[in-house]
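K.L.:
The hints should help you fit chain B onto chain A, whose structure is shown.
So the sequence lines, in the order shown, correspond to chains A and B.
Per the working numbering, residue 1 is the first one in the first sequence, and the count goes up by one each step.
Per the working numbering, residue 1 is the first one in the second sequence, and the count goes up by one each step.
Please keep in mind that the hints were generated in silico from the structure rather than gathered at the bench.
Just to be clear, a hint being listed does not mean it is correct.
In this list, chains with the same sequence are indistinguishable; a pair is considered to hold if it fits within one copy or across any two.
[Unchecked claim] Here are the simulated lysine to any residue pairs, SDA-like style, with alpha carbons at most 20 Å apart:
| no. | residue 1 | residue 2 |
| --- | --- | --- |
| 1 | Lys324 | Ala504 |
| 2 | Lys140 | Asp233 |
| 3 | Lys40 | Lys73 |
| 4 | Lys276 | Pro211 |
| 5 | Lys329 | Asp166 |
| 6 | Lys218 | Leu320 |
| 7 | Lys218 | Arg315 |
| 8 | Lys218 | Asp443 |
| 9 | Lys329 | Ser216 |
| 10 | Lys486 | Glu576 |
| 11 | Lys140 | Glu200 |
| 12 | Lys326 | Ser216 |
| 13 | Lys492 | Ala459 |
| 14 | Lys218 | Met285 |
| 15 | Lys538 | Asp479 |
| 16 | Lys369 | Ser25 |
| 17 | Lys476 | Ala577 |
| 18 | Lys218 | Ala319 |
| 19 | Lys329 | Ala213 |
| 20 | Lys329 | Gly219 |
| 21 | Lys548 | Leu585 |
Bear in mind the structure is a predicted one, so any value in this text is a computation, not a measurement.
Number of protein chains: 2
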Amino acid sequence: MNDTKFILNDVLNIERYANLPGFESASPDMIDAILTEGAKFVEGVLFPLNQVGDEEGCTRHDDGSVTTPTGFKEAYEQYREAGWGTLGAPEEYGGQGMPHILSMAFEEYMASSNMAFAMYPGLTHGATSAILVKGSEEQKQTYCPKMISGEWTGTMNLTEPHCGTDLGLIRTKAEPNADGSFAITGTKIFISSGEHDMAENVIHLVLAKTPDAPDSVKGISLFIVPKFLVNEDGSLGERNQLSCGSIEQKMGIHGNSTCVMNFDGATGYMVGEENKGLAAMFIMMNIARLGVGQQGLGIAEVAYQNAVHYAGDRRQGRALDGAKDKDEKADTLFVHPDVRRMLMDAKAFTEGFRSLCLWGALQADLIQKAQTEEERQNADDILSLLTPVIKGYGTDKGYEVATNAQQVYGGHGYVSEWGMEQYVRDARITMIYEGTNGVQAMDLVGRKLAQNGGRAIQAFFKVVDDECAEARKNDKLADFGERLEKANGELKAATMWFMQNGMANPNHVGAGAHHYMHILGIVALGLQWLNMAEAAHKLLDAGTDNPKFYESKLVTARYFAERFMPDAGALRRKIEAGGDAIMELEPEMFAVA
Amino acid sequence: MNDTKFILNDVLNIERYANLPGFESASPDMIDAILTEGAKFVEGVLFPLNQVGDEEGCTRHDDGSVTTPTGFKEAYEQYREAGWGTLGAPEEYGGQGMPHILSMAFEEYMASSNMAFAMYPGLTHGATSAILVKGSEEQKQTYCPKMISGEWTGTMNLTEPHCGTDLGLIRTKAEPNADGSFAITGTKIFISSGEHDMAENVIHLVLAKTPDAPDSVKGISLFIVPKFLVNEDGSLGERNQLSCGSIEQKMGIHGNSTCVMNFDGATGYMVGEENKGLAAMFIMMNIARLGVGQQGLGIAEVAYQNAVHYAGDRRQGRALDGAKDKDEKADTLFVHPDVRRMLMDAKAFTEGFRSLCLWGALQADLIQKAQTEEERQNADDILSLLTPVIKGYGTDKGYEVATNAQQVYGGHGYVSEWGMEQYVRDARITMIYEGTNGVQAMDLVGRKLAQNGGRAIQAFFKVVDDECAEARKNDKLADFGERLEKANGELKAATMWFMQNGMANPNHVGAGAHHYMHILGIVALGLQWLNMAEAAHKLLDAGTDNPKFYESKLVTARYFAERFMPDAGALRRKIEAGGDAIMELEPEMFAVA
Chain A
1 MNDTKFILND VLNIERYANL PGFESASPDM IDAILTEGAK FVEGVLFPLN QVGDEEGCTR
61 HDDGSVTTPT GFKEAYEQYR EAGWGTLGAP EEYGGQGMPH ILSMAFEEYM ASSNMAFAMY
121 PGLTHGATSA ILVKGSEEQK QTYCPKMISG EWTGTMNLTE PHCGTDLGLI RTKAEPNADG
181 SFAITGTKIF ISSGEHDMAE NVIHLVLAKT PDAPDSVKGI SLFIVPKFLV NEDGSLGERN
241 QLSCGSIEQK MGIHGNSTCV MNFDGATGYM VGEENKGLAA MFIMMNIARL GVGQQGLGIA
301 EVAYQNAVHY AGDRRQGRAL DGAKDKDEKA DTLFVHPDVR RMLMDAKAFT EGFRSLCLWG
361 ALQADLIQKA QTEEERQNAD DILSLLTPVI KGYGTDKGYE VATNAQQVYG GHGYVSEWGM
421 EQYVRDARIT MIYEGTNGVQ AMDLVGRKLA QNGGRAIQAF FKVVDDECAE ARKNDKLADF
481 GERLEKANGE LKAATMWFMQ NGMANPNHVG AGAHHYMHIL GIVALGLQWL NMAEAAHKLL
541 DAGTDNPKFY ESKLVTARYF AERFMPDAGA LRRKIEAGGD AIMELEPEMF AVA
Chain B
1 MNDTKFILND VLNIERYANL PGFESASPDM IDAILTEGAK FVEGVLFPLN QVGDEEGCTR
61 HDDGSVTTPT GFKEAYEQYR EAGWGTLGAP EEYGGQGMPH ILSMAFEEYM ASSNMAFAMY
121 PGLTHGATSA ILVKGSEEQK QTYCPKMISG EWTGTMNLTE PHCGTDLGLI RTKAEPNADG
181 SFAITGTKIF ISSGEHDMAE NVIHLVLAKT PDAPDSVKGI SLFIVPKFLV NEDGSLGERN
241 QLSCGSIEQK MGIHGNSTCV MNFDGATGYM VGEENKGLAA MFIMMNIARL GVGQQGLGIA
301 EVAYQNAVHY AGDRRQGRAL DGAKDKDEKA DTLFVHPDVR RMLMDAKAFT EGFRSLCLWG
361 ALQADLIQKA QTEEERQNAD DILSLLTPVI KGYGTDKGYE VATNAQQVYG GHGYVSEWGM
421 EQYVRDARIT MIYEGTNGVQ AMDLVGRKLA QNGGRAIQAF FKVVDDECAE ARKNDKLADF
481 GERLEKANGE LKAATMWFMQ NGMANPNHVG AGAHHYMHIL GIVALGLQWL NMAEAAHKLL
541 DAGTDNPKFY ESKLVTARYF AERFMPDAGA LRRKIEAGGD AIMELEPEMF AVA
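Isolated chain A (complex conformation):
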């Protein structure tokens, strides 16, 4: 929490936005109060249910109803009553109208304490946003207040058994009814929070095709399909023709009900225009992608905190440079450089990535609220560029950090008792859902780089260049600035290579997409570390009662420069190898062992 406050107040300095709507109430005191209450809630209510949720999972009954793990229903009631879902939602629909950046900070805590639980309100949040942007006023009035309050939850229904990434292939049908509604028929799979016992209604957002729709992604429409139809007075009406057919057995996030949803002529209401459903769904998807990055952060953070605790507790072996605790039979794990390598790696990632996520969330606020069109556009450029990086790089690294944290425990990390293996299993899904990380990488290099003539990446380069130039004028930051400039140079070279070779053969770009996403992640985290180091120096120079916190920032920034940045050069070399060797083999030449 100290770290969140440091980033919000000292690094991003969000007080300077106090003139923008919502920000006026986000004073350091208010932030402190909200985060303190939030931390208390997740630690006291959600965290104790994390292991229970994993062990029990969700149960589907013969009538299609689903029971969540012991305690989930009561915890959700507390969540709802405390109004946590209202934090960043607009006031006109019952929200508190606080900046996104604050609700994003709270989402990390939710994910750390109980990711499977956090997904229920997380998806509700995304579904609400899509209705708020694309829905009719009547739809907003009917659904949003109850979704924001948490009385109802939301889902997104995209995937079908034969298609996930390629939504052009969906078969779910939407036949027009006489009253303007549609009859939705089809099967959707992997529907998180699809059916459960925590709320009185579930609002499904469903992608489907109208009868004459083009047979591609240009023929997809979006529908609101409530579990219970809603009467004109807002009360619940009859049960809609949809049901949970089964619950998936899966690697982790057992506390969340991952459902096969069957729609059998269910009543649905179109959101936005016909055949423009994908664009509407992408509003939800982009929010969900940032949320998934936040999950990667949350799991990495809690796994790291556990590993730090264990490293201080467990005694095994002696320091290489001589016994540290002579009265004990062995030193703590902290004396071993390879254990520290894993911990420092986790620290450098989580703190840097927290700053990146919050910087991204700030852009989401500025897109809506900044005073000039130029600022709004710049924020939009940066956020659209960073979204696949936050989702893709962030969850790749989050999983790696969780795996390393488990490794610190040795054999005790592999047995269920300590809970570390659950973090790895839970983290694994973040690399897959809301678009696999390969899809993120392709979104980055195939769409985001090229959009508007490369405006977004140029804007990003400018931010980095400007800050590096500034840093080089400051003795204390010059070395870091120089290293970041070098990493940024690798990114620029890779970008140039794509420009020069992508036209001739797009597979050259595809083959390097994942590597590119990682270089950009390294540079984006480097930028955060530069900002954090600068803030830490300032506070240390001014005198502070918590110098160790800021000193640890400087040491970690150095670690980041030494151990993360060298990969940028290696990744660039891999990108410049192009796609020939990757694309050459015929499929039958692959598995031969």
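P.N.:
Just chain B, lined up with the frame of chain A:
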């Protein structure tokens, strides 16, 4: 299996060792026959039990007995009857006396088909080896024939609740009895195959301390502690005072019984000399470490094969350079460069690492059987250097490959139905047991590099240098040779840096140990790829009826050079950053979020 034969016959050319004991019978025809039967056995008998084993796990009953998953007992009977355990064992104790290299090849197939099952005979093999090397003739006669035949299985009992890596801390006691045996008392945890229903006896090898033993690793002795005592005529006698206290719930390998073993004054027989138990256990451990590397390979291979199959089956999206299968609504996953990146990465690793493992196993044969002392010593140097690399680098990469193969499946990889998530969970233990990969890295840089004045690493450099020099004379191999020479240069520079900085502060070496293990892994795999490319060129030049197999080797060698080798330079830079930033923070400065 084609790949194994290619490596044995064409790359390692093991026919040239036909003059050595055991090798005379390892003709290409015999190898083909054994591997064909072996593949048939694992595919038909073990593989069908892999998912069952994961779902059911092992069950401990109130009397301490343990039931293995449905079908395991019968499958083990078939394993025993077919004599698979006798393959590489010495003829005088009922083995077939075949080279290690062949039994190692078969171990990969076992691990691919059912890793949890393979651990029962795998540990038996290690335990037998320790008795063969360090046991008395009477002990060998009493235990080895029945362990080799598979009638009895074996275990290794090292870990206790408070210590794993640091065995100097063990508390299990061995009190001398009047008859020369010992009474063993203590608790051991994480004992794989500790208790089960597949064999009539279990021979535990247990580390314990005699009453006056020094309070360190120099005070550890090794004991044979059978579940049932053995009468003089070889029949089973009374039940020993030991029992399984519980079975661990764990992330994977559910089909193997991971036991807490309680020894309550159990009768044990010392193996080798008092207080020299660790050295004896290390015979077993080194074999086990190579076996674990082989598990990393086996899981990576089967996960990769599945992913290849899925990539050819699943249709999603279109090729970036235009639709490939116009009659279908979408192309297969094979058209997507980022999917191919994951598959090529898996192919480059598994094929290269298979060659490395078999080269290592060949050294194990040469240590015992080569004709000159110099050859035997050279083989010993190379194998002792490579053992931590095969275990540490091999399982780090094996887990990564399994994770990537799961990723190819998208959401279907996360649900249990397809079996991919089991591979990831099973693979995860390989990075932890038989010495965590951090312990492997420290073994490499702390012991293996320095032993005998660096003789082993110098011998390795010489092999690589000689082959690169040879390659540069050959137009077809010159480019690869040059790249390998460069990667080897990074390894040499890192070695030099350790020599120059390790004396002043050993933490500089510890901080780079893991990176060093990975550079060495890259160079060692590069050496294999050079050899494989050379063999492939020869066969293609000579004319072959399977040219695609050899062409795919050349493409994959190129991929390896382009995508694995650049990391060597980045890793070297990380090593040269030293240990300062890693060691600087006080423990309380870590978790601050």
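K.L.:
Are the hints correct? Go through all of them and say.
P.N.:
Hint check:
1. Lys324 with Ala504: between (61 Å within a copy, 18 Å between copies)
2. Lys140 with Asp233: Within one copy only: 14 Å inside a chain, 86 Å across chains, cut-off 20 Å.
3. Lys40 with Lys73: within (19 Å within a copy, 51 Å between copies)
4. Lys276 with Pro211: Within. Shortest intra-copy distance 15 Å satisfies the 20 Å Cα cut-off; inter-copy 80 Å does not.
5. Lys329 with Asp166: Between. Shortest inter-copy distance 10 Å satisfies the 20 Å Cα cut-off; intra-copy 59 Å does not.
6. Lys218 with Leu320: Classified as between: cross-chain Cα gap 18 Å, same-chain 63 Å, threshold 20 Å.
7. Lys218 with Arg315: between (61 Å within a copy, 19 Å between copies)
8. Lys218 with Asp443: Within. Shortest intra-copy distance 18 Å satisfies the 20 Å Cα cut-off; inter-copy 59 Å does not.
9. Lys329 with Ser216: For Lys329 and Ser216, only the inter-copy Cα distance (9 Å) is at most 20 Å; the intra-copy one is 68 Å.
10. Lys486 with Glu576: The answer is both: 17 Å in one copy and 18 Å across copies each meet 20 Å.
11. Lys140 with Glu200: within (18 Å within a copy, 70 Å between copies)
12. Lys326 with Ser216: between (70 Å within a copy, 14 Å between copies)
13. Lys492 with Ala459: Within one copy only: 12 Å inside, 41 Å across.
14. Lys218 with Met285: For Lys218 and Met285, the Cα distance is within 20 Å only inside one copy (17 Å; across copies 60 Å).
15. Lys538 with Asp479: within (17 Å within a copy, 51 Å between copies)
16. Lys369 with Ser25: So Lys369 and Ser25 pass the 20 Å test inside one copy only (14 Å; across, 80 Å).
17. Lys476 with Ala577: between (37 Å within a copy, 18 Å between copies)
18. Lys218 with Ala319: Result: close only across copies, 18 Å inter versus 63 Å intra.
19. Lys329 with Ala213: between (73 Å within a copy, 16 Å between copies)
20. Lys329 with Gly219: between (70 Å within a copy, 14 Å between copies)
21. Lys548 with Leu585: For Lys548 and Leu585, only the inter-copy Cα distance (9 Å) is at most 20 Å; the intra-copy one is 55 Å.
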